Structure formats: C-alpha cells, structure tokens
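There are 2 protein chains.
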Amino acid sequence: MKKLTLFASAFLLSLGSYAQQALWGGTNLVSPQINEDKTVTFRIHAPKASKVEIEGDFLPPTKVDTPFGPQDIPSRAPFKEGKNGVWEYTSSVLPSELYSYSLYVNDLKMPDPNNVYQNRDIATMTNIFLIGGGQADNYMVQEVPHGTVAKVWYSSPGLGMEARRMTVYTPAGYESSKKKYPVLYLLHGAGGDENAWTELGRAAQILDNLIAQGKAEPMIVVMPNGNGAQEAAPGEAPNSMVKPSFMNPKTMDGAIEKAFPDVMKYIEKNYRVYTDKNHRAIAGLSMGGFHSLYISAYYPNKFGYVGLFSAATSKQVNKGVTSDVYENLEDKLAVQFKNAPKLYWIGIGKTDFLYKDNMDFRKILDNNGYKYTYMETDGGHIWKNWRIYLTEFVPLLFK
Amino acid sequence: MKKLTLFASAFLLSLGSYAQQALWGGTNLVSPQINEDKTVTFRIHAPKASKVEIEGDFLPPTKVDTPFGPQDIPSRAPFKEGKNGVWEYTSSVLPSELYSYSLYVNDLKMPDPNNVYQNRDIATMTNIFLIGGGQADNYMVQEVPHGTVAKVWYSSPGLGMEARRMTVYTPAGYESSKKKYPVLYLLHGAGGDENAWTELGRAAQILDNLIAQGKAEPMIVVMPNGNGAQEAAPGEAPNSMVKPSFMNPKTMDGAIEKAFPDVMKYIEKNYRVYTDKNHRAIAGLSMGGFHSLYISAYYPNKFGYVGLFSAATSKQVNKGVTSDVYENLEDKLAVQFKNAPKLYWIGIGKTDFLYKDNMDFRKILDNNGYKYTYMETDGGHIWKNWRIYLTEFVPLLFK
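Heads up: the protein sequence lines correspond to chains A and B, in order. Sequential numbering from 1 applies to the first sequence in the UniProt record's numbering. Sequential numbering from 1 applies to the second sequence in the UniProt record's numbering.
In case anyone wonders, no lab produced these hints; they're calculated from the structure. Only a predicted model underlies this, so the values are computations on that prediction, with no experimental measurement involved. Treat each hint with caution, since some may be false.
With a straight-line Cα cutoff of 27 Å, these simulated DSSO-like cross-link-like pairs (lysine-lysine) come out [as the list claims (entries may be wrong)]:
| id | chain 1 | residue 1 | chain 2 | residue 2 |
| --- | --- | --- | --- | --- |
| 1 | A | Lys180 | B | Lys178 |
| 2 | B | Lys269 | A | Lys180 |
| 3 | A | Lys178 | B | Lys332 |
| 4 | B | Lys179 | A | Lys265 |
| 5 | B | Lys51 | A | Lys48 |
| 6 | A | Lys179 | B | Lys179 |
| 7 | A | Lys179 | B | Lys178 |
| 8 | A | Lys83 | B | Lys243 |
| 9 | B | Lys269 | A | Lys179 |
| 10 | A | Lys48 | B | Lys332 |
| 11 | A | Lys269 | B | Lys38 |
| 12 | A | Lys269 | B | Lys51 |
| 13 | A | Lys51 | B | Lys243 |
| 14 | B | Lys51 | A | Lys109 |
| 15 | B | Lys109 | A | Lys179 |
| 16 | B | Lys384 | A | Lys243 |
| 17 | B | Lys109 | A | Lys243 |
| 18 | B | Lys83 | A | Lys51 |
| 19 | A | Lys384 | A | Lys38 |
| 20 | A | Lys265 | B | Lys180 |
| 21 | B | Lys178 | A | Lys265 |
| 22 | B | Lys80 | A | Lys243 |
| 23 | A | Lys83 | B | Lys51 |
| 24 | B | Lys109 | A | Lys109 |
| 25 | B | Lys80 | A | Lys109 |
| 26 | A | Lys371 | A | Lys399 |
| 27 | B | Lys80 | A | Lys48 |
| 28 | A | Lys109 | B | Lys48 |
| 29 | B | Lys265 | B | Lys332 |
| 30 | B | Lys38 | A | Lys243 |
| 31 | B | Lys350 | A | Lys51 |
| 32 | B | Lys179 | A | Lys109 |
| 33 | B | Lys109 | A | Lys269 |
| 34 | B | Lys269 | A | Lys269 |
| 35 | A | Lys243 | B | Lys48 |
| 36 | B | Lys109 | A | Lys80 |
| 37 | A | Lys178 | B | Lys265 |
In isolation and in its complexed conformation, chain A is listed as follows (with noise of 0.2 Å):
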C-alpha cells in the first residue's frame, strides 16, 4: 500500500472505525466486478453466514401465474464461501444493460456493501451497475457534452399548492444559445415522483447521448410530480421523510390532469422554449402514460407528441372516480385526433398486466382509423422497458 500523508493518515482516523475498515480492512472488496468476458462477480465479506444469495434481473425469472396473467418475478443464486469469510459469486455472460440486483445474508436482504450505486423504486433499494457495449451505452455517461439537470420548485394553483418540485433538463448549450427549444414532458408511475425518469430512467444520460449522436433534437425535458397531494419526492417536502409508498392520494382523479397547464406555463415563462403544439411532446410510463393519455385528450390541441409507455389506458383502473378529464374518452380522442398529433406512440412488453389493456385501447385507435405507431417489447412492468421506450420516442420528436 503507497504511504499515506500526514494528513491522509489523521484524516482516515477521524472517519471512524468502519470507514477505515472499509477503505483498508477485510471489506475492502471490489463488487461488482465486470470482467473482461462480460460476466460480473461479485464478492462480500461474511465470515459468520452460513448462506449468501444474489437475486438480481439478469438472473434467469422465476414465472408465476396470477390473475393477470404470468409474470416474471426474480430469482436467486447462491454465493461459495472462499478464503478469509469471503464469499463470491460470477454471473453468467450479461448483455449490455443496466442492470439491479440485492444480496441475502442467511435469507437477510441487504445492499452489496462495497458498492454504493443504488436505485430506489418506491420503498426499495437495490444496487445497480451497467454492462456497456450494446443497449446500456445510451444509458452510461459518455465522453459527450452534458445537460444540466435541475429541481426547481412552480406553483400550482390548479393543485391549490404554492410549491411543488420537478426535475428540468436542459441540453448541452443551452445556457451559452439564445434559441428557443421545444419540450418533452415525461411523467412517471405510481409511487414514482419527479426523481424517478432521471435516476430509474436515465433521462439524462439517454438525451445526453442521443444528442450528442445527432439521433434527437436538443429539448428540454420536463420531470414534474405526478402525485397530485404530493409537493415533492419523499424527504424533499416538509415532515416527508416516512417510507415512500406507491399508494399516493390524488393520482388518478383528474387532479394531476387538469393542473397541468400550471407545469406549462412555469416552463414557458422560465425557459427559452418553443410554445406551439408542435414543439410539445408528453409522455408518461404506467401511470405516467395514464395521464399523458388523458391530459393530451382532455388538452387535445396541446401535443404533437404523445408516448403512452406500458401505460395504463383504460380508466376502469380508477373505478369510482368521477371526472370530466375520463368521461367520453372516444369523444375527446375524435376532437384530438381531428388535428392529429404528428405522433401518437404506444410500447408495451408482451408480459405486462396491462398488455391487455394496452391491446383494448389499440382497439378504440384501430376502429376509428387513428394513426400510432406501436412497439412491443419483451418483459413486463419494468424499467427496463421504458429505458428503451424512451431511447426508441425521442428519436422521433420533433423532426
């Protein structure tokens, strides 16, 4: 080991004992560890367990049958105890993806502790890492000019809220241009919030890229809060620091859609950006798909673009709602699609429990002769999904 400072040597001793442990004692372990041949391997530090497993989404599914038809759940692997407590484990060959996995310490689910990338979903966090040289390169940060990202705070009287925070990307150059730009809005799913696209997502790593490429136009794009009793992601709000939940009030009673021109004209007065319906896209995954549904049919000259990403689509989701943003569906789509939006985009995964209610609303679209265009993917609900939906949609806009 090179020989530390004076300062480096006093500096570790005031991190206390785990820190040092960490950085020089027996965890001082490298995990994940992405070979060469692209399988990955993984290690930790357990002396006193009996039994390690990893449960990750590059393992081989477990299907189960539930009333919505069969789906995919994670499966686990064992770990083999090496020398000194270590124990370890080696994937299998990885395509290139991101991909998310957690450790079980004698059936005790835990973070990878030499690894400090993690993704929270809703309550729970997992470790992730990404295999480059296919798919996940849009994902990874590159060597291209970056975006800035930024959590700004809008009022939104349409909610009766004086502050509520989103996340807005503005491409490479937008600060030092003077041009106008136009607009994705990207909403998230349930129990998701205004962090969700840029950290599940990837948001900005994938513009960033597709920019940099010359595949998408520079844009802005707009992360608000779609949980409409929400001001802000968990522990960004007052007395919010509780366990995040995927059951939020005021998500799909119309609130969230109505409101949204309140998003708009925060963009619009803020940013230097294009205003017409041409230059405004808004797409949402799940939930987020529900809305862009519904708000760019109850606006339905608002949007030339809509992503609808394994969205839900029919509003029997919200049974017992009582809205004018969900009556006469097919009615606000004819006024839509009268002057139709240059693109109206669905993706669904063929295991998605909304497979079939994504294929009942391609129904309404079909009978009346509206134009979409409609990709099918494998895999369920899952981020995965909608990374490559957003990688596959903004190619498209605004072209």
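Here the structure of chain A is known, so what remains is to put chain B in place on it, guided by the hints.
Coordinates of chain B only, in the frame set by chain A:
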C-alpha cells in the same frame, strides 16, 4: 388494510416478491420511528439473527487515543428480540440534530431496510434521520420558498478539462427577479465531491431556511468539485462507477486553486451575479478550507468573505508539493489583508485532529494583527460541525 383497486393489485404484483413483502409482509415496519418524547425506536425483521446492534452518532462515542490526540469513534448498542423475529432498540431522548446510523446483524454492517434515507460519505452509506425543535430545524425542509438546485457542467481550461460538474443553488425568486445576486463558493473536503454540501451538508435547506427567516441575504451558492482529476462525482463521469476514494489525485497540488477562476467565469457569465469582491465569498471544510485559504490568498482581491471550516491550514499536509500557490503564505496574507476581507471566519472543533494546525494558523493572523472571527465547537472533524459552521457563517455574508 384498505381494499385495493384492480390496478393497484396488479401493479403490486408487478413489483416482484420483495417489494410486495416490503409493503405488506413482515418487514413492513416503521424504522426509525421518532417518538413524541424525542426518543427514537429502530426496528428490523431478522428472524434468523442471533445479534442485532446499532451504530450511530447519537450514542456516546468511544474515545480512542491516536497520534493526533484523542478521537471519538462511534459505539454500538444492542437491539432486543421481540415477537415474530422483530428486533427493536429505543434511543435516549435526543437533542435536535441530523443523525446517522447503521445496523449490524450478526456483526455484518447493513442499512436499516425500512429507511430509504441515506447519505454517502466517500464509500460509506449510512441511514439518516432528523430530530426537529432546535438546530436541525435549519436542516429540515420547511414550508418556505425553495431555491433551485442544479447540476451544471463548465469547462476548465486551467485543469485541461472540457467538462466538469458543479452544483449551483439559486435562491427562491431568482427566476422571476431581474436583480443581481452575491455568490458564495462552497468547497467540499477530501473524498467529497460536488454533491457533498447539498447531501451531507444540507446546504439548500440551510439557505432556504435562513433566507426565509430574513437571517441571510438571498445568494447563489456554487459547489464545485475540488478533486482536480475528476470531471464529476463518482458515477456522474465516464467510467467512474467504482468505489469512491478519499485519496483522489490533484487535490492539493496547486492546480485546483489556480484554476478556480474557471468556476467563477462560468458563474459570472451564466448567472445574474455581482462580480465585485464584496459580493463574493469563499468557504470550505477540511481540504475545502485549505482550498479556500490558498485560493483567497493567491487571488487576494477577489473574495470579501472567507470561511475556513475545520480547515487544513498548513502546507505540511501536502509535503513535497511545489507550487507557487503554497509558497510564501505570509507574504500573500500581507497582500490579502492590506485590503482586508470584510470577514475572515474560522471554525474548528475542540477534538479535531486539525485543532493544533488551526491554532498555529491563528498565531500567524494574530501576530500580524489580521482580524478574524473565531468559533470553537465541541467534537471533531464531522459533518455535524460543518452544518453548524455554514449556519453561523451564511448570515454574516453580504451585509
């Protein structure tokens, strides 16, 4: 339990087994639970464990003797096993603070699986919680106007890098106003990065709250990355998803200090800011205090306000380095204090390993009759002190 809609049920299924268990099953515990009397109860579902402990900075620390004087290291307290495999621990009554903790299950360190709120300090993840009713009210998100926090990229010819990332806080009202603002440059310590002050340091909350109370002037706070070889925080630059280190190259070799005008140039070009000395402050913790000292001495007429928080002050800390940034400090201070900063502020903890270093530096100031403000606190080289120092320092600026 309330009856779930069809959508909610299907959605839950799609989350996979763990998430469902987390939301519904045995691990759906509240932890930490801040009780009315300001004790805190921690819980974990660990039916197979034979020992569960907590390590936290709210426990009486263990004193250890080191070559650098006595240092506090965290100690642990035992959980008790209750029904159904749920272990529990309740703290004593805690004063208002931001606290950090980790769990140990059969001696293996892990986070509290029911608490998604974590801070990363170099390569160590710890759970956090806040107790209000005192000092930590400054650190909590309150019902006040919030500033914008942006991650922006600037170019640094001085470091030979096209893109480096920094965090910029603009106060509430910045977007809608036309006036100019003063700027505080706020620097992190060794092992930190451009995220440290907003995450561990709660800088956005501190600024929001002090400004809303009328205690601080509205100001822009710029938090650059002080590791000269780094484009951005680990994970935010190409090929950087590795275990973060506290030993980064090019941190104390003069390069960061010399290239500092690159940071200022970007800010002064892209934000509505005053560009005179009396509207410009610089402060930092530990290595960032060292940077603040030497930047403000090397560019002696640029900063009207200087803050050294637990600063490394002596160039002993980077022995062997030759840079004109560090030569003839007393001569440089003579120039700097000829047209003295409005405020030269020093804060240090009584048990900090840099206490003596700071005493030596104060002697230089005292011997020359250079005025400064001095604050001494309990404790050592810890974020608790740096949050306190920021809270004390910011109200003194730009008055």
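Structure-based check of each hint:
1. A:Lys180 / B:Lys178: 20 Å, holds
2. B:Lys269 / A:Lys180: Between lysine 269 of chain B and lysine 180 of chain A the Cα gap is close to 19 Å, so the pair holds against 27 Å.
3. A:Lys178 / B:Lys332: 42 Å, violated
4. B:Lys179 / A:Lys265: Satisfied, since the Cα-Cα distance of roughly 22 Å is no more than 27 Å.
5. B:Lys51 / A:Lys48: 11 Å, holds
6. A:Lys179 / B:Lys179: 23 Å, holds
7. A:Lys179 / B:Lys178: Holds. Lysine 179 of chain A to lysine 178 of chain B sits at ~20 Å (cutoff 27 Å).
8. A:Lys83 / B:Lys243: Holds, at about 22 Å.
9. B:Lys269 / A:Lys179: 17 Å, holds
10. A:Lys48 / B:Lys332: Between lysine 48 of chain A and lysine 332 of chain B the Cα gap is close to 57 Å, so the pair fails against 27 Å, i.e. violated.
11. A:Lys269 / B:Lys38: 44 Å, violated
12. A:Lys269 / B:Lys51: Violated, at about 57 Å.
13. A:Lys51 / B:Lys243: 25 Å, holds
14. B:Lys51 / A:Lys109: 16 Å, holds
15. B:Lys109 / A:Lys179: 52 Å, violated
16. B:Lys384 / A:Lys243: Roughly 24 Å separates the two Cα atoms, so the pair holds.
17. B:Lys109 / A:Lys243: 21 Å, holds
18. B:Lys83 / A:Lys51: Holds, because 24 Å separates the two Cα atoms, which is no more than 27 Å.
19. A:Lys384 / A:Lys38: Distance of about 19 Å is within 27 Å: holds.
20. A:Lys265 / B:Lys180: Holds, at about 24 Å.
21. B:Lys178 / A:Lys265: 19 Å, holds
22. B:Lys80 / A:Lys243: Distance of about 23 Å is within 27 Å: holds.
23. A:Lys83 / B:Lys51: Distance of about 24 Å is within 27 Å: holds.
24. B:Lys109 / A:Lys109: 12 Å, holds
25. B:Lys80 / A:Lys109: 20 Å, holds
26. A:Lys371 / A:Lys399: 17 Å, holds
27. B:Lys80 / A:Lys48: 20 Å, holds
28. A:Lys109 / B:Lys48: 12 Å, holds
29. B:Lys265 / B:Lys332: 23 Å, holds
30. B:Lys38 / A:Lys243: 19 Å, holds
31. B:Lys350 / A:Lys51: 45 Å, violated
32. B:Lys179 / A:Lys109: Violated. Lysine 179 of chain B to lysine 109 of chain A sits at ~52 Å, over the 27 Å cutoff.
33. B:Lys109 / A:Lys269: It is violated: about 49 Å lies between the C-alpha atoms, which goes past 27 Å.
34. B:Lys269 / A:Lys269: Within the cut-off at roughly 21 Å; holds.
35. A:Lys243 / B:Lys48: 24 Å, holds
36. B:Lys109 / A:Lys80: The hint holds at about 20 Å.
37. A:Lys178 / B:Lys265: 19 Å, holds
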